[in-house]
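There are 2 protein chains.
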Amino acid sequence: MSLDRPQRGVFVPALTPFKQDLAVDEARFVEHCKWLLAEGANGLAVFGTTSEANSLSNDERRHLLERVIGSGIAPRALMPGTGCCAIPETVALTRHAVERGVLGVLLLPPFYYKNVSDDGVYASIAEVVHRVGDARLRIYLYHIPPMASVGFSLPVIERLLRDFPDTVIGLKDSSGDWNNTEAVLNAFPELEVFPGSEAFLLAGLRSGAVGCISATANVNVAAIADLLRSWREPGADAKQAELTAIRAAVQKFPVIPAAKAMLAAASGEADWKVVRPPLRPLSAEAAADLARMLEALDFSIASSLAHA
Amino acid sequence: MSLDRPQRGVFVPALTPFKQDLAVDEARFVEHCKWLLAEGANGLAVFGTTSEANSLSNDERRHLLERVIGSGIAPRALMPGTGCCAIPETVALTRHAVERGVLGVLLLPPFYYKNVSDDGVYASIAEVVHRVGDARLRIYLYHIPPMASVGFSLPVIERLLRDFPDTVIGLKDSSGDWNNTEAVLNAFPELEVFPGSEAFLLAGLRSGAVGCISATANVNVAAIADLLRSWREPGADAKQAELTAIRAAVQKFPVIPAAKAMLAAASGEADWKVVRPPLRPLSAEAAADLARMLEALDFSIASSLAHA
Chain F
1 MSLDRPQRGV FVPALTPFKQ DLAVDEARFV EHCKWLLAEG ANGLAVFGTT
51 SEANSLSNDE RRHLLERVIG SGIAPRALMP GTGCCAIPET VALTRHAVER
101 GVLGVLLLPP FYYKNVSDDG VYASIAEVVH RVGDARLRIY LYHIPPMASV
151 GFSLPVIERL LRDFPDTVIG LKDSSGDWNN TEAVLNAFPE LEVFPGSEAF
201 LLAGLRSGAV GCISATANVN VAAIADLLRS WREPGADAKQ AELTAIRAAV
251 QKFPVIPAAK AMLAAASGEA DWKVVRPPLR PLSAEAAADL ARMLEALDFS
301 IASSLAHA
Chain Y
1 MSLDRPQRGV FVPALTPFKQ DLAVDEARFV EHCKWLLAEG ANGLAVFGTT
51 SEANSLSNDE RRHLLERVIG SGIAPRALMP GTGCCAIPET VALTRHAVER
101 GVLGVLLLPP FYYKNVSDDG VYASIAEVVH RVGDARLRIY LYHIPPMASV
151 GFSLPVIERL LRDFPDTVIG LKDSSGDWNN TEAVLNAFPE LEVFPGSEAF
201 LLAGLRSGAV GCISATANVN VAAIADLLRS WREPGADAKQ AELTAIRAAV
251 QKFPVIPAAK AMLAAASGEA DWKVVRPPLR PLSAEAAADL ARMLEALDFS
301 IASSLAHA
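Order-wise, the sequence lines are chains F and Y.
For the first sequence, the working numbering begins at 1 and goes up steadily by one.
For the second sequence, the working numbering begins at 1 and goes up steadily by one.
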């Protein structure tokens with residue numbers, strides 16, 4: 001792999017900050033995005049699961065994307081999530097993102113109906129491609145069965161790559177199952193595969209992955225970017241072990257509230273803790289437990305969090 | 001129970017017909033709704049799972065609700081589904097429905113995030129109640145773990161009934177688990193409980209349920225309404241056995257495509273077969289198998305399907 005293409009490396013599914021009344025804190029979101037890029041993120045997978053995107057209205061998503069781009073962040077650094085349950089909504093969000101010049105979209109399959117057929121998943125994506133009808137469209141398939149239940153099987157990926165080779169170019173694998181990631185990497189060397197956790201970063205890079213897209217990159221992006229720069233050098237395994245240990249600590253808690261609690265603590269901005277229902281903020285006890293675990297690992301969020 | 005209250009009896013989650021290009025066939029939808037009411041439906045739970053509501057955009061849902069009410073169907077006969085993943089969308093759909101004078105809304109919990117806490121489910125519903133902020137709001141909780149994964153536990157129901165006794169008044173139980181239905185009926189005698197299948201109709205009525213809301217009521221509502229009228233009379237068990245056998249036959253197939261195939265065959269309108277991805281139409285072979293099974297049960301859709 002090569003890291004000189006901007007669409008490779010660590011993409012952060014940027015957390016969406018809310019105010020106490022649950023309104024999106026747009027200014028803080030833009031600040032957070034800029035901080036992540038300054039820390040070494042190669043791009044931002046805004047409106048992912050970690051971003052609580054499915055708890056945002058589609059108008060909120062469009063507005064926020066405009067705001068991010070208006071702040072000067074390059075559209076080519078953005079891979080917004082646009083997959084909804086209803087194809088008309090997915091098409092509207094995707095078209096908007098493409099027209100704004102984003103790198104590509106991270107596409108969930110429709111996720112309400114369960115146990116749908118491969119044919120149904122294929123038809124959903126094909127319908128979006130046809131309806132968007134824009135040669136600039138680039139799709140990264142978003143495989144996250146723990147949340148969406150519906151995922152992309154190898155046969156579906158194969159069929160999509162065959163029929164839309166210039167459009168379907170990548171996949172984020174948030175199955176949490178390295179065997180699946182490896183199977184996808186082996187079966188489709190042309191696909192740009194991003195494991196959904198930095199715990200699989202080094203193994204992924206060694207097997208042909210192009211980076212990672214990870215919730216915990218919201219709090220540890222500099223170290224992840226460092227491993228991406230140095231993964232062929234001595235010491236890579238030790239760096240991976242550190243990343244994995246930190247990830248494991250955060251993962252002992254619900255990851256979104258945990259990462260928000262970490263940012264609240266590091267920035268001194270208590271509002272960072274706010275999540276939209278059905279998620280709940282981390283309890284004070286859990287936040288203290290997490291802080292102790294991270295301290296034991298000598299971890300602290302980069303002091304460059306000076307913007308907050 | 002008493003069936004003289006209009007909000008009791010059989011509510012049909014009306015199938016949404018599409019044209020070949022997947023556009024909603026609004027005229028056919030209105031015809032279908034009127035036919036169901038003429039056949040004996042007490043009301044219509046439009047925009048349920050069976051309606052492919054989560055495959056419709058929210059604008060499509062609002063427009064279709066206007067169209068149904070504009071056709072002369074009483075708003076008090078309607079229990080539209082309004083639950084989305086994002087609270088702002090749920091609030092917008094719910095407020096629209098309440099302003100149009102519907103009987104109540106059938107409310108899914110936010111269903112993207114999985115393994116959320118009871119506290120998170122409670123907070124989601126409480127937030128909707130507060131934001132809609134309309135004393136006319138009546139909520140029927142929509143418990144359908146096979147699709148939504150997220151459901152309403154007994155402790156959540158208890159807390160909602162305690163805090164919103166004039167607002168949260170009913171529950172549709174589509175768990176498919178009679179033990180759960182019975183537990184809800186026993187724990188909350190004041191709640192209007194609708195089993196999600198007519199297979200549980202008689203058992204439900206005998207235990208305090210107020211009717212049922214069932215996918216297969218789209219093709220068999222007259223017989224269901226008949227049992228609702230006569231459930232205390234001799235012969236009720238035999239009628240239940242017939243309903244259950246027909247339901248069992250349809251359930252051997254994906255229920256939404258199967259019910260649409262049945263309406264296509266009965267009406268001669270092939271477009272009835274169209275579903276939106278991720279669902280797929282029933283294959284010709286499966287439709288023939290289903291037709292044979294139904295014929296063996298002496299079942300045919302009421303000849304009053306003359307509207308088609």
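Since the hints were made in silico from the structure, they are not lab data.
There may be inaccurate statements among the hints.
[Unchecked claim] Taking CB as the label site, the calculated pair distances span:
(1) F:A23 with Y:P165: 27 to 37 Å
(2) F:G72 with Y:P146: 38 to 48 Å
(3) Y:P165 with F:A286: 26 to 36 Å
(4) F:A38 with Y:K19: 33 to 43 Å
(5) F:L22 with Y:A284: 43 to 53 Å
(6) Y:A245 with F:R76: 55 to 65 Å
(7) Y:R100 with F:D226: 53 to 63 Å
(8) F:A286 with Y:A266: 33 to 43 Å
(9) Y:H63 with F:D226: 30 to 40 Å
[Stated by the list, open to error] Quick partial rundown of chain F residues pointing at chain Y, CB under 8 Å, derived from the structure:
(10) P88
(11) Y113
(12) S117
(13) A123
(14) S149
(15) D271
(16) V274
(17) P277
(18) L279
Glycine is no exception: its CB is placed at the ideal position from the N, C-alpha and C atoms.
Evaluated hints:
As the Cβ distance of F:A23 to Y:P165 is approximately 29 Å, the hint placing it in 27 to 37 Å holds. For F:G72 and Y:P146, the Cβ-Cβ distance of about 46 Å falls inside the hinted range of 38 to 48 Å, so the restraint holds. In this structure the hint that Y:P165 and F:A286 lie 26 to 36 Å apart at CB holds, the actual value being about 33 Å. The beta-carbon spacing between F:A38 and Y:K19, approximately 51 Å, falls outside the hinted interval of 33 to 43 Å.
A hinted range of 43 to 53 Å for the beta carbons of F:L22 and Y:A284 is consistent with their spacing of about 49 Å. The supplied range of 55 to 65 Å is met by Y:A245 and F:R76, whose beta-carbon atoms lie about 60 Å from each other. Take Y:R100 and F:D226: their Cβ atoms lie about 57 Å apart, and the range 53 to 63 Å holds. Distance hint for F:A286 and Y:A266: a CB-CB separation of about 57 Å, inconsistent with the stated range 33 to 43 Å.
Here the CB-CB span from Y:H63 to F:D226 is close to 52 Å, at odds with the stated 30 to 40 Å. A hinted interface residue such as F:P88 counts as satisfied when its beta carbon comes closer than 8 Å to some beta carbon of chain Y; here the least separation is about 4 Å, so the hint holds. Nearest Cβ of chain Y to the Cβ of F:Y113: about 6 Å, under the 8 Å cut. The hint holds. The criterion of a C-beta within 8 Å of any C-beta in chain Y is met by F:S117, whose closest approach is roughly 6 Å, and the hint holds.
For the restraint placing F:A123 at the interface with chain Y, the shortest Cβ-Cβ distance is roughly 4 Å, inside the 8 Å limit, so the hint holds. The restraint placing F:S149 at the interface with chain Y holds, with a minimum CB-CB distance near 7 Å, inside the 8 Å limit. The closest approach between the C-beta of F:D271 and any C-beta of chain Y is roughly 17 Å, which is over the 8 Å cut-off, so the hint fails. For F:V274, the shortest C-beta to C-beta distance to chain Y is roughly 12 Å, which exceeds 8 Å, and the interface hint is violated.
Because the smallest distance between the Cβ of F:P277 and any Cβ of chain Y comes to about 4 Å, under 8 Å, the interface hint for this residue holds. About 6 Å separates the beta-carbon of F:L279 from the nearest beta-carbon of chain Y, less than 8 Å, and the hint is met.
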